[in-house]
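*Asks:* Sequence:
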Amino acid sequence: MATIHNFGFLAQLRSEASNHVIRYRGGRPRQSGRGLVFWFRPETASIAEIPMDDRDMTLFVKGRSQDFQTVSIQGTIGWHVTDPERLAERIDFSIALSTGRPQGEPVDKIEARITGIANQAVLQYLAQMPVRALLDAGPEPLRLQVAAALARDAALAEIGVAAVAVRLTNLAPSSELERALQPPTFEALQQKADEATFERRALAVEKERAIAENELVTRTELARQEKLLIAEEASNARNRAAGVAEASEVEAAAEANRIRTVEGARADAEKQRIAVYRDLPPAILLGLAAQQLAGKLETIEHVNITPDLLATVLGEFRKAPAAIEAR
529 MATIHNFGFL AQLRSEASNH VIRYRGGRPR QSGRGLVFWF RPETASIAEI
579 PMDDRDMTLF VKGRSQDFQT VSIQGTIGWH VTDPERLAER IDFSIALSTG
629 RPQGEPVDKI EARITGIANQ AVLQYLAQMP VRALLDAGPE PLRLQVAAAL
679 ARDAALAEIG VAAVAVRLTN LAPSSELERA LQPPTFEALQ QKADEATFER
729 RALAVEKERA IAENELVTRT ELARQEKLLI AEEASNARNR AAGVAEASEV
779 EAAAEANRIR TVEGARADAE KQRIAVYRDL PPAILLGLAA QQLAGKLETI
829 EHVNITPDLL ATVLGEFRKA PAAIEAR
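The sequence shown stops at residue 855 when you use the working numbering, and every number in between is there.
One thing to keep in mind: the hints can contain errors.
As the list claims (entries may be wrong) - Keeping only pairs whose Cα atoms sit at most 16 Å apart, straight-line, the calculated EDC-like set for lysine to aspartate or glutamate is: (1) Lys637 x Asp620; (2) Lys637 x Glu617; (3) Lys590 x Glu704; (4) Lys637 x Asp595; (5) Lys637 x Glu686.
Honestly, the hints are just simulated from the structure, not real lab data.
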């Protein structure tokens with residue numbers, strides 16, 4: 529609000545920066561601007577003060593849905609002046625030159641126009657859908673429709689005003705209908721909660737089944753690999769046993785061959801020795817035997833010589849010279 533100081537036939541006006549002041553004289557604007565300070569003659573001047581700050585107005589509308597149910601809308605609409613000189617021409621913003629107060633209610637007139645446009649948009653929207661669809665959609669679609677209606681309405685632009693924000697805080701049915709809707713809504717919400725619980729349980733069961741299947745597949749694969757490993761180890765053991773048997777067989781064959789060679793050599797030597805002794809006279813053989821016996825007398829404790837044996841030996845010795853002479 530402007531501050532006016534009167535000094536007789538002169539007065540001084542001081543306005544705030546958020547207000548646009550227009551001074552008229554003779555029906556024509558002589559001075560216009562925001563936050564002006566000037567002197568004027570009250571008997572010849574007329575002054576209008578237009579607020580330029582952003583304003584918020586309350587919106588409350590009751591309407592009927594498509595199924596004839598009462599729905600209440602609450603919210604706020606923000607607006608401001610875009611062309612103060614045009615607005616001053618269309619709506620009276622003149623102030624009392626003695627006090628600086630507005631002489632009428634110009635702001636209420638502007639808000640009444642905005643309310644009319646918003647109410648029309650709200651009622652049209654509510655009549656298009658049943659109450660259940662309105663409640664499910666919420667206030668956002670209605671807010672967008674009201675904002676669009678205010679933006680495209682030419683009546684506001686013609687007076688130099690623009691609606692800049694629409695905020696809806698509540699879209700609710702009547703109290704009786706709200707009480708009637710609570711049990712079905714609660715049951716529907718409970719059903720959705722139960723379905724979500726069942727889905728979580730089914731998902732958990734499915735995950736457990738998948739884990740069990742993976743474990744079974746893993747155990748089956750491990751068993752198969754263990755079976756292959758056992759078969760491989762058995763094959764390796766058989767191969768090692770066969771190798772050991774073959775080596776043993778080769779070693780035995782070599783040992784047998786060695787034994788046969790040694791025994792054959794011994795047999796040949798014995799045959800040669802026998803062949804040497806075979807043509808000798810018995811007396812010589814007895815002499816050789818006696819020689820061999822004499823070499824082992826130290827190890828012989830008892831010798832039994834019978835008369836018959838002695839007679840035979842002496843007889844052989846007597847025959848020996850004759851046989852040697854005959855040769």
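*Asks:* Which numbered hints does this structure break?
*Replies:* 4
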